[in-house]
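Go ahead and model the full structure; you've got the sequences and the hints to work with.
Chains U and E, in that order, give the protein sequences. Mapping of the first sequence onto my numbering: position 137 corresponds to residue 143, and the numbering continues sequentially without gaps. Mapping of the second sequence onto my numbering: position 242 corresponds to residue 243, and the numbering continues sequentially without gaps.
Don't take every hint at face value.
Unchecked claim - Going by beta-carbon spacing under 10 Å, a handful of chain U positions derived as facing chain E:
{"no.": "1", "residue": "ILE47"}
{"no.": "2", "residue": "THR200"}
{"no.": "3", "residue": "GLU362"}
{"no.": "4", "residue": "PRO366"}
{"no.": "5", "residue": "LYS367"}
Treat the hints as calculated values from the structure; they're not laboratory data. All values reported here derive from a predicted model rather than from experimental measurement. Where is the CB? At the ideal position from N, CA and C, for every residue including glycine.
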Amino acid sequence: MRYRTFAKLTAAALAAAAIVAAPAAVQAEKMKVGFVYVGPIGDHGWSYQHHQGLLAVKKAFGDKVETTHVENVPEGPDAERVTRQLAQQGHSIIFTTSFGFMNPTIKVAKQFPKVKFEHCSGFKRAKNVATYNIRYYEGRYVNGVIAGKMTKSNTIGYIASFPIPEVVRGINAAYLGAKSVNPNVKFKIVWVSTWFDPGKEADAAKALADQGADVIFQHTDSPAAMKLAEQRGISAIGQASNMKAFGPKAQLAAAVNNWGPYVVARVKAVMDGTWKSTDTWGGIGAGMLNIASVHERIPADVRKQAAKVQADIASGKFHPFTGPLNKQDGKQFLKAGERASDGLLAGMNFYVQGIEGSLPK
Amino acid sequence: MELVVNILLGIVIAATPLVFAAIGELVVEKSGVLNLGVEGMMIVGAIAGFSVTIQTGNYLAGVVAALVAGALMALLFGVLTQTLLANQVATGLALTMFGLGLAALWGQDYSGKAAGNFPKLDIPVLSDLPLVGKLLFGQDYLVYLSILLVVGVSWFFRKTRGGLIIRAIGENHDAAHAIGYPVVFYRYLTLLFGGACAGLGGAYLSVVQTPFWAEGMTAGRGWIALALVVFAAWRPGRALLGAYLFGGITILQLHSQGFGVKVEAQYLSMLPYLATIAVLVIISSDRLKVKLNAPACLTQPFRAAT
Chain U
7 MRYRTFAKLT AAALAAAAIV AAPAAVQAEK MKVGFVYVGP IGDHGWSYQH HQGLLAVKKA
67 FGDKVETTHV ENVPEGPDAE RVTRQLAQQG HSIIFTTSFG FMNPTIKVAK QFPKVKFEHC
127 SGFKRAKNVA TYNIRYYEGR YVNGVIAGKM TKSNTIGYIA SFPIPEVVRG INAAYLGAKS
187 VNPNVKFKIV WVSTWFDPGK EADAAKALAD QGADVIFQHT DSPAAMKLAE QRGISAIGQA
247 SNMKAFGPKA QLAAAVNNWG PYVVARVKAV MDGTWKSTDT WGGIGAGMLN IASVHERIPA
307 DVRKQAAKVQ ADIASGKFHP FTGPLNKQDG KQFLKAGERA SDGLLAGMNF YVQGIEGSLP
367 K
Chain E
2 MELVVNILLG IVIAATPLVF AAIGELVVEK SGVLNLGVEG MMIVGAIAGF SVTIQTGNYL
62 AGVVAALVAG ALMALLFGVL TQTLLANQVA TGLALTMFGL GLAALWGQDY SGKAAGNFPK
122 LDIPVLSDLP LVGKLLFGQD YLVYLSILLV VGVSWFFRKT RGGLIIRAIG ENHDAAHAIG
182 YPVVFYRYLT LLFGGACAGL GGAYLSVVQT PFWAEGMTAG RGWIALALVV FAAWRPGRAL
242 LGAYLFGGIT ILQLHSQGFG VKVEAQYLSM LPYLATIAVL VIISSDRLKV KLNAPACLTQ
302 PFRAAT
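In C-alpha cells, the structure reads:
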C-alpha cells in the first residue's frame, strides 16, 4: 500500500510527457502491456521492483509483446487520465501499481470492458479488474529471526511510516520472528509520518542508534536508514529492494518484492484467453517475495535457521501468526495452534503482546 | 551524557540545510524580492552536489557545483522577474516545479549510488575532548560554514555600506534608484547569493546528511526555510535560532518515541510545525513591528523611470 503523501508538483506535466512512445512499426499480433508507476523507476524501491516485473514480461515473451510504462503518476485524477490513455492506445492488460490507483482503475475499467486491469495492493475488484499483492509480513518474520539472533544490545529499531494494517502487521511479524529466537529482545518503534523523506528517515535511524538499537528495520522507502547503519557500524534490514549498495556491511538481509512470476503469468493468461478476475496475495511460497543477499558475516547456524523458517513458511508448514498469540493488552486473539485468517491480517490494528509503546490511531 | 551529545549532534545535522536555505532567502528578501523557488533551487543543488561529488570524488568540487547550480537557477528567476518583470510569486512557484523536474531528470543515473563520509573538522586534542569535543570541534566543515555565514550576513547588513544599500533598495527601491543605486543589479546579486545558499543547503542533504540521491529528497525543506525567514522577522540570528529550534523539535520527537513517551506519534510529528505557527502568530501579533521588519518593497517589481 502506498499512500504517497509528498506532493509531486511536477508530476502532472511529467506524466503527460512520459508516456513512452510506441515504436514505429507495430505488428498486428503484438500484444500491448501497460504499467503505471507511482514513483520513478529510480527510486530503488517500490516502483523499481515493479519495473523489474515489466522487464520479466519482455524477457518471457520477447517480440510477442510491446510494453509501455508511465512513471511518477500521482494518485488522483492524473492516474485516471494516464490509465485511460493506455486503454485507448490498445493495451490488452494494464497494471496499476499503487494503492491510490484503485478507484481510477475501477472507473476506467468500466469504460473499457475488453481491457484487463490488474491493480496492486487494493481491495476493489470487477469483472475485468484483478488485484494482487505480496505477503510482505512473511519476509519480515524471517528477517526478524535473523535480527533477533544478531542483536547484541537486544534492542531492535523500527522506522514506521503510517499506522495502517500493512505496517502494523509488519512490525508484529518482525517482533514475533525476533522473539521466537531471543526472549530478551525489545523493539523501539519510531513513526515518521512519511513514506519518503530521506533526511527524516536518516534522523530517525540516528535516534534509534543513539538509543542503543543495533539492528534497524524500516517501513519507509529510501535507503537512508541503511546508509546510516553502515556509517555507524550497526546492522539493518533492506526493504522492498536489495539495498546492499548502501550498506555492504550493514545489510543483514533484504526482503525483495518479486512481481515477475505473477505479472508474466497474468500476461500469459490474457494471451491464452484464460484470464479471470482474481485476488492474489502471494508470499515466499509463490515466489513473489525473496529473502535476498543474506550476509556472509551471519553465522552459518543462524543462516540455516532462517532458511528453515523461510522454507517452512513457503511450504505452508508454518504461519508467522500462529497461536497462542495475545494482543498488547493481554487479550488472546489466536488460540493455541490457530492460524490468523487473511481477514484478520488485512485489518490488523493492534500490537502483539510484548511490544512496548502505544500504537498511534 | 553521551546520549545528550548525540541528540545535539543530530539537531545540528537536521538544522544545517535549513540554515543555509533560510539565510540565503533572507538576503534576497532584504533586497525586496520574494523567491518562492527555494525548494527547486535546493533540489537542483542536491543533485548537482551529489553527481559532481560522485564523478570527481572531490567534496569541494561537489560543494562548488551545488553553489553554481543553485545560483544558475536563481539567475533564471532573476531574468524572468527583474529583467522581464514577471510576477515573483508565480515565477517562484514555477521555479520550484521546474527544479524538481530538472533534478529528477539529472538524477536518473545517480539513484542507487552512495557517497562516502564528508570530511569533518579534526583538531588534535580538542576534537577528542570528552563530550564537547565532538560537538564543538568535530563537525563537518559545512556546519561551521553555515554559522559563519549567518554571522557574516548579520555583520554585512549592520556594518557595511553594501548591506545598507541592499536594505535601502528593499525598503524603497524608487528612492534608492533616485539617488543613483542600480536596483536591479543589486537584486541580481542577492538572488545569486540566495540561490547559491539554497543549492548548498540541498547538497548538505544529499552529500552529508543521507548521503545519497533520491528524487524529491528535499521533501519540503525549501518551504520551511521560507517560513523561517518570516519567523526570524528578517534577522539573520533569529533565522539560525529558528532552524535549530525546528531541527531540535524534530530530533527530540523522534527520540521521545524511541523512549516510549506516551504521546501519539502524530502529535509529535506535528510539533515542529505547531511551534513554527505559534511563534509566527506571536511575532505577527504586533502589526507595527511586522511592518517595520518586513522589507517594504517585498514582491514589488521595479521599473526604472526614464
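Item to check | Indices of hints not satisfied (ascending) | outcome: The structure breaks none of the hints.
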